[in-house]
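Undergrad: Residue numbers (my numbering), protein chains in the order written: chain A, 121 to 385; chain B, 121 to 385; chain C, 121 to 385; chain D, 121 to 385.
Calculated from the structure, these hints are not laboratory results.
Errors might be hidden in some of the hints.
What the hints assert, rightly or not - Only pairs whose alpha carbons sit at most 25 angstroms apart, straight line, appear in this in silico DSS-like list of lysine-lysine:
| no. | chain 1 | residue 1 | chain 2 | residue 2 |
| --- | --- | --- | --- | --- |
| 1 | B | LYS227 | C | LYS229 |
| 2 | A | LYS236 | D | LYS227 |
| 3 | A | LYS227 | D | LYS229 |
| 4 | A | LYS227 | D | LYS321 |
| 5 | C | LYS174 | B | LYS199 |
| 6 | B | LYS236 | C | LYS229 |
There are 4 protein chains.
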Amino acid sequence: MNNQSREKKVCLIIGAGAGIGGAITKKFASEGYHVCFARRSDQHALMNMEKYLKSCGYSASGHILDVTKEDTIEELVGKIEQKIGSIHTAVYNVGAQIGNRSLEDTKLKTFELGWKLGTFGLYRLAKNLLPIMAARGTGNLLVTGATASVRGNSGQHSHAATMASRRMLCQSLNAEFALQGVHICHIIIDGLVDAPDTLGKMLGPAEFELLRQNKGYEKNGLLLPSHIAETYYHLAHQHPSTWTFETDLRPHSAIPWWNHVTKEF
Amino acid sequence: MNNQSREKKVCLIIGAGAGIGGAITKKFASEGYHVCFARRSDQHALMNMEKYLKSCGYSASGHILDVTKEDTIEELVGKIEQKIGSIHTAVYNVGAQIGNRSLEDTKLKTFELGWKLGTFGLYRLAKNLLPIMAARGTGNLLVTGATASVRGNSGQHSHAATMASRRMLCQSLNAEFALQGVHICHIIIDGLVDAPDTLGKMLGPAEFELLRQNKGYEKNGLLLPSHIAETYYHLAHQHPSTWTFETDLRPHSAIPWWNHVTKEF
Amino acid sequence: MNNQSREKKVCLIIGAGAGIGGAITKKFASEGYHVCFARRSDQHALMNMEKYLKSCGYSASGHILDVTKEDTIEELVGKIEQKIGSIHTAVYNVGAQIGNRSLEDTKLKTFELGWKLGTFGLYRLAKNLLPIMAARGTGNLLVTGATASVRGNSGQHSHAATMASRRMLCQSLNAEFALQGVHICHIIIDGLVDAPDTLGKMLGPAEFELLRQNKGYEKNGLLLPSHIAETYYHLAHQHPSTWTFETDLRPHSAIPWWNHVTKEF
Amino acid sequence: MNNQSREKKVCLIIGAGAGIGGAITKKFASEGYHVCFARRSDQHALMNMEKYLKSCGYSASGHILDVTKEDTIEELVGKIEQKIGSIHTAVYNVGAQIGNRSLEDTKLKTFELGWKLGTFGLYRLAKNLLPIMAARGTGNLLVTGATASVRGNSGQHSHAATMASRRMLCQSLNAEFALQGVHICHIIIDGLVDAPDTLGKMLGPAEFELLRQNKGYEKNGLLLPSHIAETYYHLAHQHPSTWTFETDLRPHSAIPWWNHVTKEF
């Protein structure tokens, strides 16, 4: 890492596949940030992403990172802060979705894994990064939430438990760190995202393409990662007098989580 | 109104004094919108604002508008749509704050007035404007909320009743109109705003200046209208695949509405 | 009214037809309260109810009361307190449901009427009754809420606006009066009630009977007023160390307001 | 265990010290249930409780149970169902409160322990018990929540994260099991409880007695476990047409979680 990037502001994105995280990576890179983006697996995709970003003239470094493993987050934060630069914005975008599973089909290990991905990873990131940001008196931690952050539902035993926990952890972190200049922001993604790496893999390519045709494309019924990224970028640049803690995002044609689709009396 | 402004997108701001509404007016004007801004009274201030905006080269028209009077909103919307241009974004920023009053000190007339300002005015705006926007398949209605939108408190009998009503009306409007391309967005202003016309008048000039020194200025403890306006502008330009229905805004050093200040167990 | 009933504790039920209000009336009467029950119209039904209650050996008086008319609530409260006895528990059970109506089909007068029934009537009751209860250091105000109290939905412009307002008014009343010994309690009825006077009239007798067969009876898919009344009675007798402000009630087979019925991702 | 108790309905209370859990144990025992009560430690206190209950003529069995240990909950549920009787009502009352700790002072192990106590234990109980109840088409799972279930706060990183998770797990369990006849109910204890084993130990005897004198006793400013138990008992006996999913409980003089104590504008 040369001096030039040392002087750049750094944006760290944990959970940077081909969906929301990838789009945020591109957005911050295109705005002049050095982006450190991390994904759980797929070294090949990681290198392609880094190559692509550099081909655009951006400053970027990709990392394979399993947030469920000890010391991984801790080491990455340390390395960036020591060798690359000060983290201006960190995005915790690790998903914990496992599809709908009945209680019987949700194993103890699955439930525990959900907690590690959804909650504990964020906690470890916060523990390592927020004191540094507080010492600088500035910084952003943007955290991706989901419909399951605000309500449990059938088959969501693991997902809702960990996403609600993630949200409340954000509230606690905010209560301690906002006063010290660190902006914590929780973004509720309340709809299906046009993301090949997550929704696409869950549905399979054929069903995913069908969904895109029925709901997405010009119908605007799937959240587009590039537009999500614009709001994340806006949130990371709010003035300290005027911070958002929580915002929701959904396609105009999606039914919000608080609405039944059935006839109401 | 000449042809030039006819071709401009129009932003209508109801409740445009020297605080949030005024800042939104300036922001949209500076971005090339024709702004129609309305305030309850003070023709002098209105004309000064219009003069100022025109002196910047902006396109603007000011209106005195009492939202509690019959047909006022209805006529203004009709006039704008017919003579000025299509309303791209309407902002309902009418306050209904009367300070803290005990139940005994809150008269029936006061309570009714609170409802007219807080809820009924928005309802009338929606009834007149949203069908037009729906027919065009596009448009934004941004609605200013407050701490009292999400919780009642001592002395807030009138304010909380009407602001919660306003919020829920937004949810109902969203359920009917989002699908038709109209973006409804409710912004919770959860803190004190550095606004001479509202907070300033409530406190008086001396106490207001003291508050600014203790909490505002470089301490960033008062919401700055110009920064609030940036978020409103961002929200009005989200892509239909990725809309925010609700967001909150507060100074970094303010305690969010859901947090006690007392020691918790 | 003889001395005997003067010594009885009084329960005032506003909105006492053949559903929730009627069942609460019976429950409190059967537990030894003098019940003052009021309904908007139908003198015949009122007298039958009074006759029935007296035939059970209960102490009761029925009143025709239009809460949208000036001074009606005020006079009734005054009359009861002066001539009958101290109101131990007041139940505000006035509905404001008008079925699902689009914004276009919701007239200004309808919206205003919704506010008068849903919010303003409660406010007037509170203004007249709570200071008396506070002076005694004891009393209960139980307020019936609905699904629309916590979320707006398509067609619920009037209903959600007024029910959310009612709920927030309860929070404000609680903040001022709980400390003075007055128990404010808001009960969210989140499902269809087996009530001939409201749901029955809305659906018509044939459709209502069909609904009862498909969802009600031994299927327990409709809220039974007599069981609702048990919970109201419990809430009115909680110890001041242990008060409920809010509770929800729904049939075991109903989908809660926060759950979609569609498959979630 | 003789045949007599085999025929009794069983109430299982996990987390039964000298506070809420103990009072629920006594209440259900006094109403004719066989109570299986479990606490983490203190065999002596456990035996005293069992002795006391039997001296009242009640049917009871005490168990030492560490919910953080593998297979403990699983074995207890199995043993009760096989040898004692059908569990009519289970109460998960395990606390996860560690007092207010900054992020720095909240160790990874502490955070994980909070999750095990607050969330994972309930999940394991649900996994083992709810299918049995569903097969019987009846049963209650009452879960104790806290202020931290609905909002994070300074120093509550661990507590709020796990209690919010617990709450959302309840919502998911409800979505799957209510339809099958199993009543899930989440009770938010939003205030200080007059409980020697938890609050008493946290404060120490002198400060606890001072608190009781300042807030408790006839001032009713501390939640009394015996009165909490009455509401739990009521909730466990609601008719399937009329179930509560969530209720809150607080002393009349406590400030609800949604209210600031500071002057509001």
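Undergrad: Confirm or reject each hint.
TA: Status of the hints after comparison with the structure:
1. Between B:LYS227 and C:LYS229 the CA atoms are separated by roughly 22 angstroms; this keeps the pair inside 25 angstroms, and the hint holds.
2. Of the supplied pair hints, the one linking A:LYS236 and D:LYS227 holds, its CA atoms being roughly 15 angstroms apart against a limit of 25 angstroms.
3. Taken as a hint, the A:LYS227 and D:LYS229 pair is honoured in the structure, with Cα atoms around 22 angstroms apart against an allowance of 25 angstroms.
4. Restraint check: the Cα-Cα separation between A:LYS227 and D:LYS321 comes to about 36 angstroms, which exceeds 25 angstroms; the hinted pair is violated.
5. Simply put, C:LYS174 and B:LYS199 have alpha-carbon atoms about 63 angstroms apart, too far for the 25 angstroms limit, and the pair is violated.
6. Taken as a hint, the B:LYS236 and C:LYS229 pair is honoured in the structure, with Cα atoms around 13 angstroms apart against an allowance of 25 angstroms.
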